[in-house]
Amino acid sequence: MSYERKMKDLMARLVSMSPEPPPFPEEEAPMARQREQRKSRPALVFATAAVLVVVLAVPLLLFTGEGEPDPAATTSTTSTTLTPTTTTTEPGTSTTEFEGTTWTGVAYLYQEPENSFQSNPALVPLQMEVKVQSGAFEDVQEFTRALAALTESGAGPPAGFRNAIPPDVRAESMDEVGGQVGADMNEAFLDGAGGLLADYTMLNQLIYTLTYQTPDAEVLFTVNGQPVESFGSEGLDLTEPVTRDSFIDELNAIFLTEPITAGLDRYFVAGRANVFEASLMARVLDGNDEVVYEEPVQATCGSGCWGDFSTSIESELIVPGESSIMLFTYSAEDGSIVEAITIPIPEGDVWRLTAGG
Amino acid sequence: MITATGVMDNEAVYRSYSEELTRYATSLVGPFDAPDVVTDACLKAFETPTWPEVVDRRAYLYRTVLTVANDHHRRTLSRRLREMKVASREETPDPAGSIEVEVLDAVARLSVQQRAVVFLTYWEDLSPEAVAARMGVSIGTVKRHLTRARRRLGELLT
Chain A
4 MSYERKMKDL MARLVSMSPE PPPFPEEEAP MARQREQRKS RPALVFATAA VLVVVLAVPL
64 LLFTGEGEPD PAATTSTTST TLTPTTTTTE PGTSTTEFEG TTWTGVAYLY QEPENSFQSN
124 PALVPLQMEV KVQSGAFEDV QEFTRALAAL TESGAGPPAG FRNAIPPDVR AESMDEVGGQ
184 VGADMNEAFL DGAGGLLADY TMLNQLIYTL TYQTPDAEVL FTVNGQPVES FGSEGLDLTE
244 PVTRDSFIDE LNAIFLTEPI TAGLDRYFVA GRANVFEASL MARVLDGNDE VVYEEPVQAT
304 CGSGCWGDFS TSIESELIVP GESSIMLFTY SAEDGSIVEA ITIPIPEGDV WRLTAGG
Chain B
337 MITATGVMDN EAVYRSYSEE LTRYATSLVG PFDAPDVVTD ACLKAFETPT WPEVVDRRAY
397 LYRTVLTVAN DHHRRTLSRR LREMKVASRE ETPDPAGSIE VEVLDAVARL SVQQRAVVFL
457 TYWEDLSPEA VAARMGVSIG TVKRHLTRAR RRLGELLT
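Chains as they are written, first to last, in our numbering: chain A, 4 to 360; chain B, 337 to 494.
Accuracy of the hints is not assured; some may be wrong.
Stretch by stretch, here's where chain A covers chain B in the computed footprint (C-beta under 8 Å, at least three residues) [as the list claims (entries may be wrong)]:
#1 347 to 355
#2 358 to 372
#3 440 to 454
#4 473 to 486
Part of the chain B face toward chain A, derived, beta carbon under 8 Å [claimed, not checked]:
#5 T375
#6 C378
#7 L379
#8 Y458
#9 W459
Note that these hints are calculated values from the structure, not bench results.
Keep in mind the model is a prediction, meaning the values are calculated, not measured.
Using N, Cα and C, we set each Cβ at its ideal position, and we do this for glycine too.
Sequences and hints are given; from them, build the entire structure.
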C-alpha cells in the first residue's frame with residue numbers, strides 16, 4: 004500500500020471515531036467556564052492590587068514557607084523564606100481539576116550556560132502561573148507558603164533552571180518610593196549564598212525580580228531597617244542603592260531580561276549581551292533538539308560593553324511544550340558555539356505549576 | 337436561518353459546519369474532547385466583534401478550532417491514551433463506540449498543527465494551497481508540517 008493510501012486509511016479510521024457534534028452552544032463554553040472558575044478568587048485579590056503584586060508578590064515568588072508548608076492555613080505570617088535551588092519536574096502535567104487559587108507573575112531564575120568563558124550564570128525570567136490546590140492564600144505570605152509546597156512536592160521549573168537564594172533568607176517588608184525599591188531582609192540575607200559568585204547571582208536574581216516592572220529603579224537592601232555594610236562571603240558593601248547594572252559583569256555574556264512571550268503570531272525574545280561584535284544567534288530547536296530555524300541577532304553594543312537585543316520568531320516554528328529557543332554566539336577564536344543558553348517554551352507559554360498537590 | 341441581509345445566523349452556521357468541525361477536532365484532540373473544542377471554538381468565533389463581517393466563515397471556524405485545540409489540548413490525547421491503557425479493563429468513555437488505540441497512538445505522535453495538515457490533506461483531499469488558506473498559514477509551512485508528520489509516522493507507514 005502506498006504512503007498516501009496508508010495516510011488516507013489512517014485518517015479514515017480516525018474520523019470513524021468522531022462523536023456526534025455537540026448541541027448548538029447557547030451557554031458559556033465548558034472550558035471557558037472552567038477557566039473562569041479557576042480565576043475567580045485570585046482575580047478579585049490580585050487584579051485590584053496590581054501594584055502590590057508587582058512590588059511584593061513578584062519578588063516573593065522566590066520565597067517559600069518555613070518548615071512544613073500549610074497552604075490551607077488562613078492566618079497571615081511574615082515567616083517567609085526563599086526557595087531552595089534546582090527543581091526538576093516538568094510542569095503542566097497535572098490532570099486533576101483545579102479548585103484553588105492562581106498566582107501569576109514573573110521570577111528570575113538562572114541557568115548555567117554551555118561553553119561559557121567565565122561560567123557566570125545567565126538570568127532567565129519565567130512567566131509563571133502557580134495554582135494552589137488546597138485552600139487559598141489571602142496575601143503574599145500565604146502565597147509563599149504555597150510555593151513551599153510547590154518546591155517540596157517537586158513540581159517546578161524544568162531541570163536547568165536554578166535559584167541561588169538560600170531557603171532561610173526572608174523578606175520582612177518591601178516598598179517602592181520615588182523610583183527606589185526598598186527591601187528589608189532578615190539577618191540570614193547577610194550571609195549571602197555561600198560563595199562570591201553565588202552571592203552575586205543571588206543579588207542579581209533579587210534585583211532583577213524586584214525591578215521587573217521598573218527596570219531603571221534602584222534597590223536598597225536593608226536588614227532590620229539598617230543599611231547592609233557587609234554582605235556575603237566577601238563582605239560586599241550594600242549601603243548604597245544598587246541597580247540592574249551593578250553586578251551585570253557577574254552574569255553570562257548573554258541573558259534574558261524579559262520572559263519569552265507569545266504574541267499574535269510571533270514569539271518575542273529580549274535580553275542583554277556583551278559579545279564579540281555585538282553579534283549573537285537565536286535558534287529554534289524542536290523536541291529532538293534539532294535546529295529548525297536560526298537567525299542572527301544584533302545587540303546595541305558589544306566587544307566589551309553591554310547592549311540590549313531583541314528579536315521575534317514566527318510562532319509557526321515553535322511548538323509550546325516541545326520547542327526551545329537557544330541563544331549563543333560564535334567564538335571569535337575558533338568559531339565554536341559559546342555562551343549558550345537554551346530556554347524551553349512551556350505549554351501555553353506559561354510555566355503552569357501546581358502547589359500542594 | 338437566513339437573515340434579511342442574506343447572512344446566516346449563528347445557529348444556521350453551526351448546523352452547517354458542526355459535523356465536519358467535530359471530525360476535524362477529532363483529528364486534532366481525539367474523540368473524547370472534540371465536542372468541547374468545537375463548542376468553545378464556535379462560541380469564541382460568535383463572540384468575536386468582527387464575526388458578522390467574516391466572509392469565509394467555514395475557514396474562520398476551522399482556524400478557531402485549531403487555535404482552541406492548540407491552546408488547551410495539545411497533550412490531552414496522549415494523556416487520554418495513557419489513561420485508557422491503564423484502565424483498559426475498566427469502563428472507559430468511548431464516544432464513538434469504536435476507539436482504535438493504535439490510530440490515536442499514531443496521531444498522538446504529531447503536533448496539533450501537523451495533525452491539522454494531515455487531516456486536511458488526506459481526509460479533506462485539499463491541495464497544499466487550499467490547506468494553507470484554510471489554516472491561514474503559508475504553503476511552505478504546510479509542506480514543512482507534512483514532511484515532519486511523514487517523518488514522525490515513518491515507521492508506522494512503511
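- Message: For each hint given before, does the structure comply? Return the numbers of the non-compliant ones in rising order.
- Response: none
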